[in-house]
Amino acid sequence: MQRGSWRIACVAVVLAMFGVACQGTSTEKTTPSPGANATFTYDVNSQVMIGWDPATGYSNEIIAMNNMYEQLTRYNSQTQQVEPLLATSWTTSSNGLTWTFTLRPGVTFHTGRAMTSADVKASIDRTIQVNGGASYIWGPVKSIDASTPDTVTFHLKYPAPIDLIASADYAAYIYDTKASGSEDLGKWFEQGHEAGTGPYTLEDWNKGQEIELRLTSFPDYWGGWDGAHYTRYVFRVTPEPTTAAQLLRSGQVSMVERMTPQLWQSFQGQDGFQTTDDPSWQTLLAMLNTSAGPLANQSVRQAVASAIDYPGMISALHGGADQISGYVPPGLWGHFDDLSNPVFDATNAQQMLEQAGYGPGGKAMDLTLTYTQGDADEQLVGTLIKSNLAKLNVNVDVRGLAWPAQWSKAKSSNPSDRQDILLFYWWPDYADPYSWFINLFHTESKPYFNLTYYSNPQLDGLIDGVESQAATDRPSAIDTYKQMQDLLLQAMPAISLYTQVYQKALLSSVGGFVENPAYPNVVFGYELTPQG
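In my numbering, the protein residues as written are 1 to 532.
What the hints contain is simulated information worked out from the structure, not anything from laboratory work.
Take these hints with a grain of salt, some might be off.
[Unchecked claim] Keeping only pairs whose Cα atoms sit at most 16 Å apart, straight-line, the calculated EDC-like set for lysine to aspartate or glutamate is:
{"no.": "1", "residue 1": "Lys411", "residue 2": "Asp460"}
{"no.": "2", "residue 1": "Lys121", "residue 2": "Asp150"}
{"no.": "3", "residue 1": "Lys482", "residue 2": "Asp338"}
When you get a sec, could you build the whole thing from the sequences and use the hints?
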C-alpha cells in the first residue's frame with residue numbers, strides 16, 4: 001500500500017539525522033502470561049517507519065502506529081458507524097458547533113502516566129500547531145477545553161463531524177506530550193520513540209533491516225489481556241513477492257500484506273492457509289502534468305484517457321483491482337456509478353490527438369511516466385499504458401523510481417522537469433470523500449499532493465464549502481461532490497484507474513482478522529486470536 005509510495009511523513013528527512021537502531025523507552029514490565037509466546041509477524045513490501053511523530057506521520061507507519069496509538073473513536077466499516085475507543089460516549093449541540101467527549105477511565109500511556117482530558121487537548125493542540133501530515137483534518141476546530149478530568153470539549157468554527165474526524169487513520173492519535181521531558185518532543189519521537197496508549201509498545205526498531213520493528217504487549221493496556229491474544233507483533237520487510245510467499249509457506253511469517261494475484265491464488269484452498277479478498281478505498285490514479293508539455297492541453301489529456309484499455313488492465317490484475325466510476329471509491333458516500341468516465345475508445349483517442357497535431361501521421365508525442373519502484377501492480381499498469389499509447393504514435397518512457405526521487409521530481413520548481421504521468425495511490429484520511437479533493441485538486445502555491453498542478457477557482461470554492469455543508473446538509477453535499485467530479489472528468493487532470501482489492505494470505509492459525517478500508521492495510525493485532 002502506498003500513497004505515491006505510501007504517504008510521506010512531513011518530518012521524514014529528520015530520520016537521517018539519527019541512528020538506524022533504537023530501543024523502546026517505555027518502562028520494561030513482564031509480558032502478561034495469556035498467550036505469552038504468541039507472536040504475529042506481518043510481512044510487508046516496504047519500510048514501515050517513515051516517520052515517528054504521531055502528529056505528522058503520513059506514510060507507511062500507519063500500520064504500526066495504529067497498534068501503538070489510539071484515537072478517541074474508531075470507524076467500523078461493516079456497520080458504517082463510529083464506535084468508542086478512548087472516548088466512551090459523546091454529544092453534540094443542536095447547531096453542531098460544540099462536541100463533548102467522555103473519556104475512558106483507566107487509560108495509561110506507555111510512559112506510565114494516566115491519560116486525562118488535558119492530555120487529549122495537548123495532543124490535538126500540538127498536532128494542529130505542528131501543521132504537518134494530515135493535521136488539516138482539525139481545520140474546523142476553534143478551541144478545545146479540558147472541561148473536567150474525564151471530558152474534553154471541542155468548539156468549532158463551523159459544523160463538522162468531529163466524531164468521525166476523531167477516528168482518522170492519521171493525525172488523530174492521542175499521545176503523551178510530556179514524554180520527552182525538557183527535550184524537543186518532535187526530535188525525541190524521530191529518534192525512534194513512542195508514547196501511545198495502544199495495546200503494543202515498542203520493543204526495538206532496526207531501520208533498513210528485514211526484521212524492522214518489534215512490538216510487545218503493554219501490560220497496563222486498558223483492554224486487558226484475558227483470553228487469547230498475540231503478545232508480540234513483528235513487522236518484516238520483504239520487497240520480493242516470491243520470497244514473501246516462501247516465508248509464509250514455511251511459517252516464518254503469519255500474514256503477507258500483498259503479493260501478486262497469481263501467488264495469492266496459490267494459497268487458496270490450501271491446508272494451513274487462508275486468503276482474504278476485500279474491496280478497498282485505495283485508488284490508483286494517473287496524475288497528469290497540466291502545467292507543461294503536451295498534457296497541458298485538455299484535449300490531449302482526454303485523448304490519453306480514452307486510449308487506455310481499462311477492461312484489459314483490470315483483467316491483467318487477476319482480481320486485484322476493480323474499475324472505478326469517478327474519484328470516490330464505492331463504499332464511501334460521494335461515490336456515483338453513473339458519472340461520465342473515460343472509456344476505452346482508441347478511435348476517439350486518435351481523432352482527438354490528430355486534432356491537436358499528434359497521432360499516427362502527425363507529430364510523435366514523447367511522455368515520461370513514473371511509478372514506484374518495487375510495486376509490481378504499478379509497473380504492470382505503466383507497461384500497459386505504454387503499449388496502448390504506442391499504437392497512437394505516443395512514446396511513453398516508463399521509469400520506476402524510489403518514492404523520494406519520484407516525489408521530488410513531481411514537486412520540481414520547473415514544470416518542464418516534472419514527469420508527464422505519475423502513478424499515485426490515494427485513500428481517505430477518514431471515512432469521508434473530502435480528502436481526495438482538498439489534497440489532490442485544490443490549488444496549491446507549491447506542489448505537495450496536487451501533483452497535477454491543476455487550478456480551478458470554481459472547484460476551489462466548492463471544495464472550501466463542502467466540509468461544513470456535509471455536516472449541515474448531507475444531500476446538498478452529495479450533489480456538490482457530483483458536481484466536483486463532473487468538473488474534474490471534463491478537465492481530466494487525473495485519471496482514476498481502479499480501486500485496489502486487498503488480497504492477503506495468512507496462516508490458518510490466525511483468527512479474527514477483518515479488513516477495515518478506513519485503516520488501509522492496518523492489522524489490529526489485539527483483535528486477532530492465535531489458534532491451535
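Hints, verified against the model:
Distance restraint check for lysine 411 and aspartate 460: the Cα-Cα separation of roughly 20 Å exceeds the 16 Å cut-off, and the hinted pair is therefore not satisfied. In summary, the hint linking lysine 121 to aspartate 150 is supported, as the alpha carbons are separated by about 11 Å, within the 16 Å threshold. For the hint pairing lysine 482 with aspartate 338, the CA-to-CA distance comes to about 10 Å; that is within 16 Å, so the pair holds.
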